[in-house]
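Novice: This is what each chain is made of:
Number of protein chains: 2
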Amino acid sequence: MSRVVVDVMPKPEILDPQGKAITGSLQRLGFEGLSVRQGKRFEIEVAGDLTEERLDQIRDAAEKLLANTVIEAFTVRVEED
Amino acid sequence: MSRVVVDVMPKPEILDPQGKAITGSLQRLGFEGLSVRQGKRFEIEVAGDLTEERLDQIRDAAEKLLANTVIEAFTVRVEED
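Residue numbers (the numbering used here), protein chains in the order written: chain Y, 1 to 81; chain F, 1 to 81.
The hints are simulated quantities; they were obtained by calculation from the structure and are not laboratory data.
For every residue, glycine included, the Cβ atom is placed at its ideal position computed from N, Cα and C.
The reader is advised that the hints may include incorrect statements.
Straight-line C-alpha distance at most 25 Å; calculated BS3-like pairs for lysine-lysine [stated by the list, open to error]: (1) F:Lys20 to Y:Lys40; (2) Y:Lys64 to F:Lys64; (3) Y:Lys20 to F:Lys40; (4) F:Lys64 to Y:Lys40; (5) Y:Lys11 to Y:Lys64; (6) Y:Lys64 to Y:Lys40.
Covered, in the sense of this in silico footprint (three residues per stretch, anywhere, with C-beta under 8 Å from a C-beta of chain Y), are these stretches of chain F [stated by the list, open to error]: (7) 19 to 29; (8) 33 to 42; (9) 45 to 52; (10) 69 to 77.
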């Protein structure tokens, strides 16, 4: 069983209202000088061997289902134990 | 300017309905043998030096605001360029 992590973040040029709200809340709580952007993290358990073909499949799935590539960028990486 | 990443995931013993839905959708799209859990990723830009005190502050913020520690676990790490 291997684990692959897909991180999905709003593209830099895209406004991030959730991140803005969190940045504001942190300031009100007294945490100064922090600017937050919020994205998503997917942990994928892969049955069987993690071949290069399998990784390509996961990149394909990330593009089709996990990220909205109009407004989001994603990275796929294998997590070592 | 330093960047700190906070990853927030549902605890292993907690059901993850979003992840279950994605796992189901992937199967219907023909991606077999993948099991997904969904969490959140926060990228935090820190103004000034990233001291150990500043990191403690961010761990505090993660616990208070970014994660619901009843059902979620979080990790804080410094992202190198």
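Novice: Does each hint fit the structure? Answer for all of them.
Specialist: How the hints compare with the structure:
1. About 15 Å separates the Cα atoms of Lys20 (chain F) and Lys40 (chain Y), which keeps this hinted pair within 25 Å; it holds.
2. A distance of roughly 34 Å separates the Cα atoms of Lys64 (chain Y) and Lys64 (chain F); the hinted pair therefore is violated under the 25 Å criterion.
3. A hinted pair counts as satisfied when its Cα atoms are at most 25 Å apart, and Lys20 (chain Y) with Lys40 (chain F) qualifies at roughly 15 Å.
4. A distance of roughly 19 Å separates the Cα atoms of Lys64 (chain F) and Lys40 (chain Y); the hinted pair therefore holds under the 25 Å criterion.
5. A threshold of 25 Å between alpha carbons decides the hint, and for Lys11 (chain Y) with Lys64 (chain Y) the separation of about 17 Å falls inside it, so the pair holds.
6. At most 25 Å may separate the alpha-carbon atoms for a hinted pair to count; Lys64 (chain Y) and Lys40 (chain Y) meet this at roughly 15 Å.
7. With 5 residues having a beta carbon nearer than 8 Å to a beta carbon of chain Y, the stretch 19 to 29 of chain F meets the requirement of three or more and the stated coverage holds.
8. Coverage of the stretch 33 to 42 of chain F by chain Y holds [criterion: at least 3 residues with CB-CB distance below 8 Å; count 10].
9. Only residues whose C-beta sits within less than 8 Å of a C-beta in chain Y count toward coverage, and the stretch 45 to 52 of chain F has 4 of them, enough to reach three; the restraint holds.
10. Counting residues of the stretch 69 to 77 of chain F whose CB lies closer than 8 Å to any CB of chain Y gives 0, so the stated coverage by that chain is violated, three being the minimum.
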